[in-house]
Amino acid sequence: MHIILLIITIRTLGDLCFKAAVHKLNFTNVSSFGTNIKRMLLSPFLWLGLTFGISNMLLWCFGLKVLDLSYAYPFLSISYITVIIAGKFLYHEHLDKNKITGICFIILGALFLFL
Amino acid sequence: MIKRIAIFILLPIILTVSGEFVLKATINDIFSTKTTITTNNTQDIKYCQEKIKPTLNQKIDCILSDLKIFVLNTKIVLSLLAIILGGILWLVALSKFELSFLYPFLSINYLSIIFGSQILLKETVDLYRYLSVVLIILGLVFISRSPYSESEND
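Line order of the protein sequences matches chains C and L.
The numbering of the first sequence is this note's numbering, which starts it at 1 and goes up by one.
The numbering of the second sequence is this note's numbering, which starts it at 1001 and goes up by one.
What the hints contain is simulated information worked out from the structure, not anything from laboratory work.
Do not rely on the hints blindly, as some may be mistaken.
[As the list claims (entries may be wrong)] Here are the simulated DMTMM-like cross-link-like pairs (lysine to aspartate or glutamate), alpha carbons at most 20 Å apart as the crow flies:
#1 Lys1053/L / Asp1066/L
#2 Lys1068/L / Asp1029/L
#3 Lys1122/L / Asp68/C
#4 Lys65/C / Asp1061/L
#5 Lys65/C / Asp1066/L
#6 Lys1075/L / Asp68/C
#7 Lys65/C / Glu1123/L
#8 Lys88/C / Asp15/C
#9 Lys24/C / Glu93/C
#10 Lys1003/L / Glu1098/L
#11 Lys1075/L / Asp1029/L
#12 Lys65/C / Asp1029/L
#13 Lys1122/L / Asp1029/L
#14 Lys19/C / Glu93/C
[What the hints assert, rightly or not] Covered by chain C, according to a simulated footprint, are these stretches of chain L (three or more residues, beta-carbon under 8 Å):
#15 1017-1027
#16 1062-1072
#17 1079-1089
#18 1094-1103
#19 1107-1115
For each residue, glycine too, the CB sits at the ideal point set by N, CA and C.
Using the sequences and the hints given, assemble the complete structure.
Structure below.
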């Protein structure tokens, strides 16, 4: 059970790292393509994100060793919520009624897994 | 259009779902046979299976031995690669289609995982798990309907 929470945390951190690695890039014209790719590859966040990604896959193996797939897989949808909330605070992304309703449904769905 | 949907949307879904099934089936296989052949296998660390509470060092040994199994097993590595490739192709799909069109397709993932777990992996899937998947799908539909889900660049 604790392993699922760890996986959700790592997934969220990984996604945020990838966002940090690309969000200052600006692919408006073709000539900037090379410099953009270079900047992305030089960003420590890209490599941190990849590290999180690999550890996430290995942790997922440990998770599946002890948990049912039909239990663990729906549970990962919690990471949508953590990413949306982190996006709101770190990148000032919009959080509107539709997203909040969606978040509530996912939380409710995850609660059903406990029953 | 149908061809594009098949390539960019269904391919990542098939890769992810089949990857998850092979992964789970392989892990089930390894750890159910492991207990029965423990006695013949001197390499096996016995206390990993025992009910007695292991010390911290023993725990680390068990985790490392599992990790070795995961990294060296061809089937596990291939299924992990399929899942990763599915994830990358899904990102490609995100760049080609609108989010609100794409997200409902994610429900195929959840439904096939839950039906497949019951039929192929013989897991006991009760009504609550089905309800949970239905609610998660509803949640995804709402999130994809958000007018601000598209690009945020000022």
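Residues of the segment 1017-1027 of chain L with Cβ under 8 Å from chain C, three needed, outcome
holds (count 5)
Given the hinted pair lysine 1003/L and glutamate 1098/L, is their alpha-carbon gap at most 20 Å?
17 Å, holds
Can the segment 1079-1089 of chain L be counted as covered by chain C under the rule of three residues or more with Cβ-Cβ separation shorter than 8 Å?
holds (count 3)
Is it true that the CA of lysine 1075/L sits at most 20 Å from the CA of aspartate 1029/L?
Satisfied, since the Cα-Cα distance of roughly 11 Å is no more than 20 Å.
Just to be careful, I want the Cα atoms of lysine 88/C and aspartate 15/C compared with a cutoff of 20 Å; is the pair within it?
Holds. Lysine 88/C to aspartate 15/C sits at ~14 Å (cutoff 20 Å).
Hinted pair lysine 1053/L and aspartate 1066/L, Cα distance within 20 Å
The given pair, whose Cα atoms are some 18 Å apart, holds under the 20 Å limit.
Pair hint outcome, lysine 24/C versus glutamate 93/C [Cα-Cα no greater than 20 Å]
Since the Cα atoms of lysine 24/C and glutamate 93/C sit roughly 15 Å apart, the hinted pair holds (cutoff 20 Å).
Count the residues of the segment 1062-1072 of chain L whose CB lies closer than 8 Å to any CB of chain C, then report whether that count reaches three.
Contact hint for the segment 1062-1072 of chain L vs chain C: holds, 5 residues under 8 Å.
Lysine 1068/L and aspartate 1029/L were given as a pair; does the straight-line alpha-carbon distance stay at or below 20 Å?
16 Å, holds
Assess, step by step, whether the Cα of lysine 1075/L is no farther than 20 Å from the Cα of aspartate 68/C, and give holds or violated.
Distance ~19 Å between lysine 1075/L and aspartate 68/C Cα, so the pair holds.
Straight-line Cα separation of lysine 65/C and aspartate 1029/L no greater than 20 Å?
Judged against 20 Å, a Cα distance of about 10 Å means the pair holds.
Check whether three or more residues of the segment 1107-1115 of chain L sit with their beta carbon closer than 8 Å to a beta carbon of chain C.
Since three or more residues must qualify, the claim that chain C covers the segment 1107-1115 of chain L holds, with 3 doing so at under 8 Å.
Violation of the numbered hints given earlier is confined to hint 18; every other hint is satisfied by the structure.
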